[in-house]
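Participant: Single-letter residue listing:
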Amino acid sequence: MRTFTEYLWFETAKRLEFIRITDDVAAIVRKSAITDGMVLVSAMHITSAVYVNDWESGLIHDFQVWLEGLAPAGLDYRHHQTGEDNADAHLKRTLMGHQVMLPITDGALDLGPWEQVFYAEFDGQRRKRVVVKVMGTP
Amino acid sequence: MRTFTEYLWFETAKRLEFIRITDDVAAIVRKSAITDGMVLVSAMHITSAVYVNDWESGLIHDFQVWLEGLAPAGLDYRHHQTGEDNADAHLKRTLMGHQVMLPITDGALDLGPWEQVFYAEFDGQRRKRVVVKVMGTP
Amino acid sequence: MRTFTEYLWFETAKRLEFIRITDDVAAIVRKSAITDGMVLVSAMHITSAVYVNDWESGLIHDFQVWLEGLAPAGLDYRHHQTGEDNADAHLKRTLMGHQVMLPITDGALDLGPWEQVFYAEFDGQRRKRVVVKVMGTP
Numbered sequence: 000m001r002t003f004t005e006y007l008w009f010e011t012a013k014r015l016e017f018i019r020i021t022d023d024v025a026a027i028v029r030k031s032a033i034t035d036g037m038v039l040v041s042a043m044h045i046t047s048a049v050y051v052n053d054w055e056s057g058l059i060h061d062f063q064v065w066l067e068g069l070a071p072a073g074l075d076y077r078h079h080q081t082g083e084d085n086a087d088a089h090l091k092r093t094l095m096g097h098q099v100m101l102p103i104t105d106g107a108l109d110l111g112p113w114e115q116v117f118y119a120e121f122d123g124q125r126r127k128r129v130v131v132k133v134m135g136t137p
Numbered sequence: 000m001r002t003f004t005e006y007l008w009f010e011t012a013k014r015l016e017f018i019r020i021t022d023d024v025a026a027i028v029r030k031s032a033i034t035d036g037m038v039l040v041s042a043m044h045i046t047s048a049v050y051v052n053d054w055e056s057g058l059i060h061d062f063q064v065w066l067e068g069l070a071p072a073g074l075d076y077r078h079h080q081t082g083e084d085n086a087d088a089h090l091k092r093t094l095m096g097h098q099v100m101l102p103i104t105d106g107a108l109d110l111g112p113w114e115q116v117f118y119a120e121f122d123g124q125r126r127k128r129v130v131v132k133v134m135g136t137p
Numbered sequence: 000m001r002t003f004t005e006y007l008w009f010e011t012a013k014r015l016e017f018i019r020i021t022d023d024v025a026a027i028v029r030k031s032a033i034t035d036g037m038v039l040v041s042a043m044h045i046t047s048a049v050y051v052n053d054w055e056s057g058l059i060h061d062f063q064v065w066l067e068g069l070a071p072a073g074l075d076y077r078h079h080q081t082g083e084d085n086a087d088a089h090l091k092r093t094l095m096g097h098q099v100m101l102p103i104t105d106g107a108l109d110l111g112p113w114e115q116v117f118y119a120e121f122d123g124q125r126r127k128r129v130v131v132k133v134m135g136t137p
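Residue numbers (numbering that gives the first Met the number 0), protein chains in the order written: chain U, 0 to 137; chain B, 0 to 137; chain F, 0 to 137.
Calculated from the structure, these hints are not laboratory results.
Everything numeric in this text was worked out from a predicted model, so none of it was measured.
There's no promise every hint is true.
All copies of an identical chain are treated as equivalent in the list; a pair is satisfied when it fits inside any one copy or across any two copies.
Taking lysine to any residue pairs in the SDA-like style, the calculated list, with each CA pair at most 25 Å apart, reads [stated by the list, open to error]:
(1) Lys-13 - Leu-74
(2) Lys-13 - Gly-111
(3) Lys-13 - Arg-128
(4) Lys-13 - Pro-112
(5) Lys-30 - Trp-8
Take the sequences, apply the hints, and build the full model.
Facilitator: Okay, structure coming up:
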């Protein structure tokens with residue numbers, strides 16, 4: 000059994016941005032030389048998410064509109080009494096989930112036909128990190 | 000350390016269906032001969048979920064009503080411009096979560112008294128798959 | 000590769016209570032002597048959650064208000080026909096997520112600067128358990 004760890008860094012141009020990272024994760028899995036096991040992909044900042052869903056721009060737009068409805072920006076959140084203005088980003092990231100575990104089989108990510116991994120930034124324009132930790136057998 | 004992988008297949012009669020899979024997962028864990036570790040149970044399709052909650056038909060009904068309220072079918076989703084009609088299924092599966100990791104201790108699933116694992120189908124009537132990957136020590 | 004398992008017990012004074020458990024999990028990881036791997040922290044009861052977010056009382060208040068809005072107590076849930084009165088707790092715990100997997104690197108939890116682990120109780124005043132299972136290399 001071995002482990003292998005790398006970090007992905009993001010600094011988005013916009014506050015809200017969804018970025019496909021399937022290929023980045025797959026490259027780390029290849030580099031790990033682990034052929035069977037699992038890889039954890041987890042946002043290390045608490046206003047961003049990592050999720051698995053469709054790589055279709057219409058649906059990504061739908062996700063963003065839907066999240067704004069369920070966890071709106073600009074409300075009178077108590078968190079904002081600290082000087083922050085991003086309470087909605089904490090809520091939105093909770094709805095999307097902040098981590099996924101991807102299976103590795105026969106040396107590659109073992110994903111369904113439409114599964115794509117995304118990094119979802121809800122409070123960007125600053126440097127943020129995602130940990131990618133692979134664990135399994137060579 | 001060893002790994003062991005199997006797949007569960009589903010083709011539900013109805014579009015919306017929640018199916019208890021605790022026993023199926025437990026059987027795979029037994030077959031794996033792994034006595035301590037973890038098992039990942041993850042939907043490989045992006046309009047279905049895997050979650051842990053109560054095996055009580057009233058609550059399952061409540062979940063379904065609640066999801067319809069938070070992520071309704073039939074809205075004018077942009078995803079539907081692709082010809083799809085299932086954007087709500089993508090949102091609902093996100094609320095429920097698409098995967099769980101179950102601990103294995105002393106050769107069995109290490110679950111609390113009411114924990115049951117479910118497959119939640121939101122766009123059924125087609126063949127879909129769940130990956131079950133066990134990792135741990137014999 | 001080794002595994003190490005402990006349980007955290009909770010019996011909250013109030014029905015709703017959010018408790019920071021980062022240090023408890025870190026102590027179990029130290030005790031495990033596992034220096035690289037992952038630790039699963041998972042609620043074993045189906046009306047409580049385990050999540051990662053900010054250790055800021057205003058935001059915790061915001062989370063609680065927000066959850067009450069999305070999954071209100073006191074509705075005419077079908078689950079209540081069984082004599083239960085906690086359907087909302089099942090829904091709220093689903094929104095927050097019931098488990099997290101934390102990476103372990105160089106002998107410690109590999110968390111971002113603001114990541115804190117919380118136990119969220121939605122139907123307390125009874126004994127409940129969280130499983131903490133560490134897996135990795137010494």
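Participant: Going back to the hint list, which numbers does this structure go against?
Facilitator: Structure breaks no hint.
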